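Q: Listed below are the residues making up each chain.
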Amino acid sequence: MKLLFLGVLIFALVSYAGVASLLGPSQALPTSHFVDITDAAGIRFKHISAPDKKYIVESMSGGVALFDYDKDGCLDIYFTNALTVETASDPKSSRSALYHNNCDGTFTDVTDHAGVGYPGWAMGVLAGDFDGDGWEDLYVTCLGHNHLYHNNGNGTFTDITDKAGVDDPRWSTGAALGDFDNDGAPDLFVANYVDFKLSDLPKFGKGKFCEYRGVPVQCGPRGLPGAGDSLFRNNGDGTFTNVTQKAGVSDPDGRYGLGVVWTDVDGDGWQDIYVANDSGPNFLYHNKHDGTFEEIGYLTGTAVGEDGNEQGSMGVAVADYLHTGRVAFFVSNFVDEYDTLYRHDKPLFFTDVSFASGIAKVRGPWVGWGTAFFDYDNDGWPDLMVVNGHVYPQVDNIDVGSKYAQRILLFHNNGDGTFTEVAAQTGEALMVPRVSRGAAFGDLFNDGHIDVVINNLDGKPTVLRNHGGDHNNWITIKLLGTGKNPDALGARVKVVAGDLVQWDEVRSGGSYLSSSDLRLHFGLGRRTRVDLIEVHWPDGKVEAVKDVTANNFLTIQYGQGLVKTAPPRTNNVDIGK
Amino acid sequence: MRITVSAGARVFRAYLPRVPILRSSTLVLVALVGWRSARAQAPIAAQFQHAVRLMDAGDWQKAEQTLQVVLRAHPNDADALNLLGVATVKQGRVDEAEAIFRKATKSNPSLPAAWLNLAQLYEQRDDKEHGLQTLQEGLSHAPHDPRLLSETATLLADRGQFAEAVRRLQAVPSAARFSDYWELLGRVYLSNSDFAKAEEALLRALHGKPESVTMLRQLTGIALKRGDTARAWQYVARALRLAPNSPELLYEYAQVSLQNKLSSEAVLAMRKALLMEPDRPDFLFFLGDALLDTSDFHEALPYFRRYVELRPDDPRGHLSLGWALFLEKSFPEARQHLEETLRLDAKQADAWYHLGMIAYETNDSEKALEFLTHALEVDPGHARAHWGLGMVYSREGRYEKSRDEFEAAAHLDPDEPKVHYQLSQVYARLGESERARSELRLYQEAQKKSDERIKLSQRLPSGVRGGQPRP
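Just so you know, the sequences run in chain order A and B.
Okay, so the first sequence: first residue is 95 according to the working numbering, each after it adds one.
Okay, so the second sequence: first residue is 142 according to the working numbering, each after it adds one.
These are calculated hints, taken from the structure and not from any lab test.
Hints may contain errors.
For lysine-lysine, the following DSSO-like pairs were computed, each having C-alpha atoms within a straight-line distance of at most 27 Å [what the hints assert, rightly or not]: (1) K247(B) to K203(B); (2) K300(A) to K590(B); (3) K508(B) to K455(A); (4) K203(B) to K244(B); (5) K402(B) to K302(A); (6) K247(B) to K497(A); (7) K402(B) to K300(A); (8) K231(B) to K244(B); (9) K231(B) to K269(B); (10) K269(B) to K300(A).
Predicted model, so just to flag it, every value in this text is computed and none were measured.
Could you build the full structure based on these sequences and the hints that come with them?
A: Set out below in structure tokens:
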């Protein structure tokens with residue numbers, strides 16, 4: 095019997111290996127899996143919002159940031175929290191939270207000590223070094239005044255919003271840092287959503303734009319006045335100047351801005367901006383190198399869907415998912431629409447390949463929010479995740495094929511321009527329906543696998559640990575920039591490992607009102623070495639690092655090359671397994 | 142459009158309620174006034190009044206007897222003779238009544254009532270020629286009598302002699318030109334397709350009868366005939382305010398609303414109409430169609446389904462159901478109904494088009510090209526089929542071909558924003574950036590017009606809202 099069992103086992107292993115080799119590494123069936131470790135990690139945060147969501151402002155919060163605030167090498171987490179129309183006059187009635195990563199798989203709530211618990215009605219969060227002092231600050235967007243929390247370097251933060259001159263009192267949503275004028279200091283772009291006044295609330299269920307499938311719901315955003323966006327230029331001295339009008343990014347039509355990301359879309363060395371506008375054309379602001387931008391969303395094919403339809407765009411992801419050296423955009427959209435993948439065919443020409451890629455196959459009941467390209471299985475091809483959740487709790491009472499709480503979508507990049515939705519095969523945790531909003535991506539446990547932290551409405555967040563299981567190799571690169579840009583925002587990196595050539599960029603923004611790990615992670619498949627890492631710094635300087643071993647954390651410093659190589663951590667391997 | 146504006150003599154009568162012989166009380170009243178002015182003998186007057194009351198009560202026999210009493214005293218009394226003629230007709234003695242009316246006209250040739258009743262008697266015998274002659278004879282004695290002139294005009298219009306009919310009406314004294322006069326004049330003009338004058342006359346009539354739903358409906362038809370859909374909407378909306386629970390009127394209102402791109406209005410009205418007549422096929426179909434024009438297109442399904450149940454052999458039902466299913470992304474079932482459409486009528490270009498778009502959506506370019514091309518073979522002016530072909534070619538990177546198809550679509554439907562958007566993309570890819578920008582401008586202009594129409598559709602007249610039903 096034992097021999098028989100062994101024979102069967104050997105046969106199975108051989109069969110699997112045979113199948114895997116036939117498919118090739120990029121097309122192998124997924125073996126990575128995600129586990130919900132929220133409770134085990136000690137995360138006790140709960141997002142508050144009014145259960146009925148009578149007003150649109152109660153549906154849109156939920157940004158989350160992963161950043162290393164104390165420079166201990168482990169990513170910490172900041173969750174935004176919201177008020178309700180009922181509690182709006184008391185900013186202390188809900189508490190955002192900062193969790194310190196103890197580097198052992200657990201987290202500790204350090205909010206009160208840090209002094210970042212009460213920004214008001216928080217929407218999104220941007221983590222970044224605003225003043226170039228080497229410590230990651232936090233910018234929290236809100237309904238009403240935004241807050242720039244300066245990292246004091248000792249575990250505490252100070253609100254310096256007014257001093258820095260980066261407030262925007264409107265309903266701010268997405269925010270991102272990018273050096274648009276190439277002066278070495280990252281500038282701040284803030285998107286705004288609806289011109290919403292608590293003193294003049296739209297009437298729930300009254301009017302054409304306050305109905306969904308005949309059922310009364312919250313009004314908007316259509317039918318409500320929109321709000322323009324803001325660009326603050328970094329003066330290099332801890333202060334910023336509002337240059338919105340001059341730069342041509344004010345959005346005079348008042349589109350409903352949400353997800354924002356900076357990226358050098360055409361590789362000309364100048365940072366551009368992409369803004370996902372809800373129920374309207376998305377913006378691609380092309381940097382004209384003179385302090386101004388030209389909006390070219392329509393002309394490039396990135397404003398609307400394939401058939402010219404405006405979509406309910408919320409989150410945005412950017413990556414070179416085809417290894418062409420050109421970035422593509424992915425935008426998460428509303429129910430009955432498909433999430434849109436804009437392939438970058440030639441410089442500044444994009445094609446909506448949502449159908450051709452297979453992404454649109456799963457359109458239907460999903461309302462997509464936080465999203466990112468990341469190589470979850472380390473096969474060398476960036477995959478795509480979208481977290482979902484409806485806006486109307488009322489849908490649970492009608493038969494429309496969509497529910498309020500929705501599961502995650504995980505698209506495996508097949509390496510040939512197509513994707514396959516594989517959430518069911520990568521862990522039960524992805525299949526649990528939630529009302530998700532922001533999602534941040536990063537290697538929380540420094541084990542070489544990208545994890546995901548999701549802020550859900552009406553309850554606790556989700557911390558998904560990626561256990562790998564794929565046995566693929568990887569490399570993670572942290573860039574140390576210079577001057578006022580120690581994060582090296584805007585730096586582009588090429589990684590060559592045998593026949594695999596990948597590009598990535600240190601980007602701020604993306605997802606839905608969230609901030610992800612700024613380290614660049616590259617899956618390598620079965621390749622064990624990296625032949626070349628080419629860093630294109632924001633000032634144009636190019637540095638190369640050659641011949642490094644896979645499965646390491648590399649730190650590359652401007653002008654100094656590879657300054658540190660660290661293996662993955664092993665002291666937190668038990669949690670969640 | 143279901144609403145028809147009658148033109149031509151044949152339909153003229155449908156819009157004109159005839160003066161019935163039964164309207165004896167009016168004639169009697171006229172007679173009584175005339176009689177009183179000529180006679181002062183109380184007992185005979187009382188008999189006369191008694192006869193009138195009996196006639197009003199429908200007691201023709203007793204009325205006849207009473208009038209015989211009056212006539213014994215005054216054998217040539219034209220009014221009494223006229224009333225006796227009416228009572229006689231009512232008792233079925235038509236020939237005898239004819240003789241009595243003739244006697245009345247001889248007795249007093251200037252008594253319009255007698256001439257009118259005699260003419261009507263001939264009309265009822267289908268002897269319109271004789272009826273017209275009678276009226277004209279009466280006019281020779283009472284040339285300015287409004288009733289004689291109106292009736293003559295009616296008969297003339299019936300025969301298609303519109304100019305003559307108008308001439309008769311223009312002879313009516315100004316003091317007698319009340320609302321009915323203008324209404325009649327309006328209808329005569331309408332029957333002669335003189336829409337401007339018809340509208341003018343009917344508006345004057347409406348001034349006297351501001352709550353006439355019939356007139357407002359006629360005005361709606363006139364405005365539509367003149368191509369003034371906005372004005373038509375104003376008229377029909379006003380009519381609906383007066384008769385908010387009329388299914389027919391709700392239907393008309395919905396149709397005109399849709400012509401004005403007021404989809405929401407159309408939908409609301411039809412929902413209400415269907416509450417009253419839930420299984421009326423034309424209502425079901427129309428509401429489904431109107432819903433397809435809105436963001437609530439998924440609500441169209443149950444209406445089309447029911448329509449197909451009621452009219453399984455109507456290709457339009459399967460076509461519309463197929464399209465609604467396509468919008469719902471239920472492609473297999475959509476395909477089924479579209480194929481059924483073609484089985485019933487192979488020349489339904491829309492069905493070929495929709496099948497083509499299903500193939501496009503399911504990434505089958507070859508089939509998409511086949512079906513869309515077929516749509517154009519059936520209907521070369523099918524703008525959407527050109528657009529669909531353009532989309533397929535664009536997806537395949539065949540930008541020159543897609544440009545040609547989008548240009549064809551734009552030529553056929555220049556107000557469609559999406560075509561201009563696609564052209565901007567294609568020209569950009571062909572390196573024609575100026576053309577691309579120009580098309581983008583056209584797209585944004587067309588999109589703005591489309592948005593304005595959406596905003597316009599939010600305008601709601603009173604009388605439609607309230608008690609909004611759910612399917």
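Q: Hints first: check each against the structure and report whether it holds.
A: Evaluation of the provided hints:
1. Between K247(B) and K203(B) the alpha-carbon distance is near 25 Å, which keeps this suggested pair within the 27 Å criterion.
2. For the suggested pair K300(A) and K590(B), the alpha carbons sit about 25 Å apart, so the restraint of at most 27 Å is met.
3. Under the criterion of a C-alpha separation no larger than 27 Å, the hint pairing K508(B) with K455(A) is consistent with the structure, at around 19 Å.
4. Restraint check: the Cα-Cα separation between K203(B) and K244(B) comes to about 21 Å, which is no more than 27 Å; the hinted pair holds.
5. Between K402(B) and K302(A) the alpha-carbon distance is near 15 Å, which keeps this suggested pair within the 27 Å criterion.
6. For the given pair, K247(B) sits about 87 Å from K497(A) by alpha-carbon distance, which is inconsistent with the 27 Å threshold.
7. Between K402(B) and K300(A) the alpha-carbon distance is near 22 Å, which keeps this suggested pair within the 27 Å criterion.
8. Proximity of K231(B) to K244(B) is assessed by CA-CA distance (about 18 Å); at most 27 Å being required, the pair is judged to hold.
9. At roughly 20 Å between alpha-carbon atoms, K231(B) and K269(B) fall within 27 Å of each other, so this suggested pair holds.
10. Between the alpha carbons of K269(B) and K300(A) the distance comes to roughly 60 Å, so the proposed pair goes past 27 Å and is violated.
Hint check: violations occur at hints 6, 10; the rest are consistent with the structure.
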